[in-house]
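Top line first, the protein sequences correspond to chains F and V. The first sequence maps to residues 387 to 781 in our numbering. The second sequence maps to residues 45 to 193 in our numbering.
FYI, nobody ran anything at the bench for these hints, they're computed from the structure. One or more of the hints may lead you astray.
What the hints assert, rightly or not - Pairwise CB distance ranges, derived in the manner of DEER restraints:
hint, chain 1, residue 1, chain 2, residue 2, range
1, F, Q507, V, R129, 17 to 23 Å
2, V, N85, F, R661, 51 to 57 Å
3, V, R191, F, R449, 44 to 50 Å
4, F, E584, V, P54, 35 to 41 Å
5, F, L426, V, D181, 29 to 35 Å
6, V, H146, F, G694, 34 to 40 Å
7, F, P670, V, D181, 52 to 58 Å
Unchecked claim - Some chain F residues judged to face chain V by a derived CB distance under 7 Å, without partners named:
hint, residue
8, F508
9, Q527
10, A540
11, R545
12, V593
Unchecked claim - Stretch-level coverage of chain F by chain V, calculated; a stretch enters the list once three of its residues show a Cβ under 8 Å from a Cβ in chain V:
hint, stretch
13, 555-565
14, 659-670
15, 767-774
The beta carbon of each residue, even a glycine, is placed where N, CA and C say it ideally should be.
Residue strings, one per chain:
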Amino acid sequence: MGNDLTVRGRVAVVGVGESTYYKRGQSPDPEFVLLLKAILAACADAGIAPSQIDGFCSYSNDRNDPPRLAAALGLRELRFSNMQWTSGGGGAAGAVGNAAAAIVAGNAECVVAFRSLAQGQFGRFGQGGGSRPISGEYAYQIPYGKISPAQSYAMRTTRVLWEHGISRDTMKAIALAAYHHAQNNPRAVMYGRPLTPEAYDESRWIVEPYRLFDCCQENDGAAAVVLMSAERARELRVDPVYVLGAQQGGPRRSGAWADNNTDYATSSFKHVAERLFAQAQLGPADVDVVQSYENFTGGVLMSLIEHGFCTYENANEVLTFDNLVAPKGRLPLNTSGGNLAECYMHGLGLVIEAVRQIRGESSNQVPGAKVALASAGPMVPVVSSLIVGNGEALG
Amino acid sequence: MTERNHVLPPGLPAPAPMRDGLDAPFWAATRRHELVVQRCNGCGGWQWGPEWNCHHCLGFDIGWTEVEATGVIYSWERPWYPVHRALAEAGPYVVLLVELPHAGGVRMVGNLVGDPLQPFQIGDRVRAVFEDHDDADTPFTLVQWERMG
Ligand SMILES: [Zn+2]
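Okay, chain V solo, but in the shape it has when bound:
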């Protein structure tokens, strides 16, 4: 994907894995265009955001599971007022909260791909679009979402 296909203009902070290594597997997976979520090896419970232990059984044996990169719009907002200089000319954009019913109902934040004024509603199904930022000092990939059929 070329720079001009990014949802938001360049200049926003890039995501960096945590220094303690907790979420490095997630960001590494996005580079491979895979969506992974924490899942407990002890009790099978899903968890997001990442944590060092499982909040269901409190065990520390927690792994990462690749999940189907689809979800359902759980909520949304449409920012108009730019709060960061990189967004000064961006115009409105849509932030989604996407629920992954097949991964314990965890929720992920991302942008809606395409026209920010396109019709959509809570409950619509969406598919992940992996947005590569290969030109960044340390390349990274964001997980964006587009409406399905």
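One chain only, chain F, in its complex shape:
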């Protein structure tokens, strides 16, 4: 991949921001207000006026459209608006990649990637609605009680654990690490609510092989990331965080109905990760800290393997609590608490945490972190993954 045809090092994150994070239904603000607050916080962090924004990218059927945002925020002109096709949070890193691509292409100069999600206002992902007849793909699943996101993806985890002899202890370690990190992060909804191994073991099954603490939260909140060209970023701040790679996609027939994707037991990251590392000119060993989207811990397990952070063979040895916690673990994971314990911000919170690690501003800082990875949406048909780094990582 030639340097002149890639976003690598040519775009930087100049600002990150989020609303207050709430448990589902506890936000005093409507979803659009949460988003405005997140974008204003990101602009303040970047030191720019909101009217400088000229593009928006989002994903997953976000309800807050760019024309309304542009009007509310006083944009001089909306030059670029983009929505990534995917389900779940598979587009969180992809939206940042789309923003970066627009900037490199010259279609926009200051693009905000965002996600706003008030499950209290608009209904829960974890509950499946009515009783009227349904057709299409749903007709092959919902009448059999395969309804919620957890029920949609539990069987993939069953198959991976079975095929490779991986222990559920790996999933437990992923959950415990997230809650451990959240205890140092005042933004986290689970701040002050630690999780013990005993409480994990005693928690109820949601759908085997997922216990309660293997599943993400349901929250109200919004998050935003401001991107500009590397040149303009260096004028704004001394510590721009460069986009080193951003890739999205889905493997062969990942969208085939009712679990008929060709390679079944995958998080959909095998090809995305390969392209990502090639673009970033880095390998898994160069990544100092990993933010891996947790819809369910089983998806994290699969993502980490498919990104090359461990193998099917050594997952039981590598994915332990001690290895996964900052600052001393060999694979610090989800250092804000992530979707499990900070906030289910559909993955954009994980992107923000990756940026904070590179700036040295994490509440669970990995000393000297130069390269961070944020992946989004394991197991959904289209996933995405992002690598960011500081000037030293850019070389």
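Starting from the known structure of chain F, fit chain V with the ligand onto it as the hints suggest.
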């Protein structure tokens, strides 16, 4: 089969054929207690879920073939937490992903018939059980699975 022999309680959404007619033959066949799968008349390739063209040769001449209503457990899950009000008192139940090796390895989702805590594992052979819902506003039949011998 009487209502009380259904795997799950009443109240879940009923399956309805797609308005464009794509999968009407499948749901009609289940009413006759036949399992049919899409098969390409051009290249012989199998396909599931249904689509308007064949993903192997991209041709549009695609038909429906009755297959032996047996398969192999490819994966499974056991929901405990009820996510739909109809399931509030249902207790745990098993959802299977069943592979049909004799139909190109296509996979179908259904429930395991019988005790949800019965011993079983990936690789076990299963046979289809056609679960009639004759009392529904528009009668329909689900394809469930029971373990073989
Ligand atoms: Zn064909």
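Tested hints:
At about 21 Å, the CB distance of Q507 of chain F to R129 of chain V agrees with the hint of 17 to 23 Å. Between N85 of chain V and R661 of chain F the C-beta distance comes to about 37 Å, which lies outside the given range of 51 to 57 Å. The hinted range of 44 to 50 Å is satisfied by R191 of chain V and R449 of chain F, whose Cβ atoms lie roughly 45 Å apart. Separation of E584 of chain F from P54 of chain V is about 39 Å and conforms to the stated range, judged on CB atoms against 35 to 41 Å.
The supplied range of 29 to 35 Å is broken by L426 of chain F and D181 of chain V, whose beta-carbon atoms lie about 51 Å from each other. Taken as a hint, the range 34 to 40 Å holds for the pair H146 of chain V and G694 of chain F, whose Cβ atoms sit roughly 37 Å apart. In this structure the supplied range 52 to 58 Å holds for P670 of chain F paired with D181 of chain V, their Cβ-Cβ distance being about 55 Å. A distance limit of 7 Å between C-beta atoms decides the matter here; for F508 of chain F the minimum to chain V is near 17 Å, and the interface restraint is violated.
The beta carbon of Q527 of chain F comes within 5 Å of a beta carbon in chain V, closer than 7 Å, and the hint placing it at the interface holds. A hinted interface residue such as A540 of chain F counts as satisfied when its beta carbon comes closer than 7 Å to some beta carbon of chain V; here the least separation is about 4 Å, so the hint holds. The beta carbon of R545 of chain F is positioned within 7 Å of a beta carbon in chain V (closest approach about 4 Å), and the interface hint is therefore held. Interface hint status for V593 of chain F: upheld, as the beta-carbon distance to the closest one in chain V is roughly 4 Å, under 7 Å.
For the stretch 555-565 of chain F, the proposed coverage by chain V is not satisfied: 0 residues have a C-beta within less than 8 Å of a C-beta in that chain, short of the threshold of three. Only residues whose beta carbon comes within less than 8 Å of a beta carbon in chain V count, and the stretch 659-670 of chain F has 0; fewer than three means the coverage is violated. Counting residues of the stretch 767-774 of chain F whose beta carbon lies closer than 8 Å to any beta carbon of chain V gives 0, which falls below the threshold of three, so the coverage claim is violated.
In this structure, the hints that do not hold are numbers 2, 5, 8, 13, 14 and 15, in rising order.
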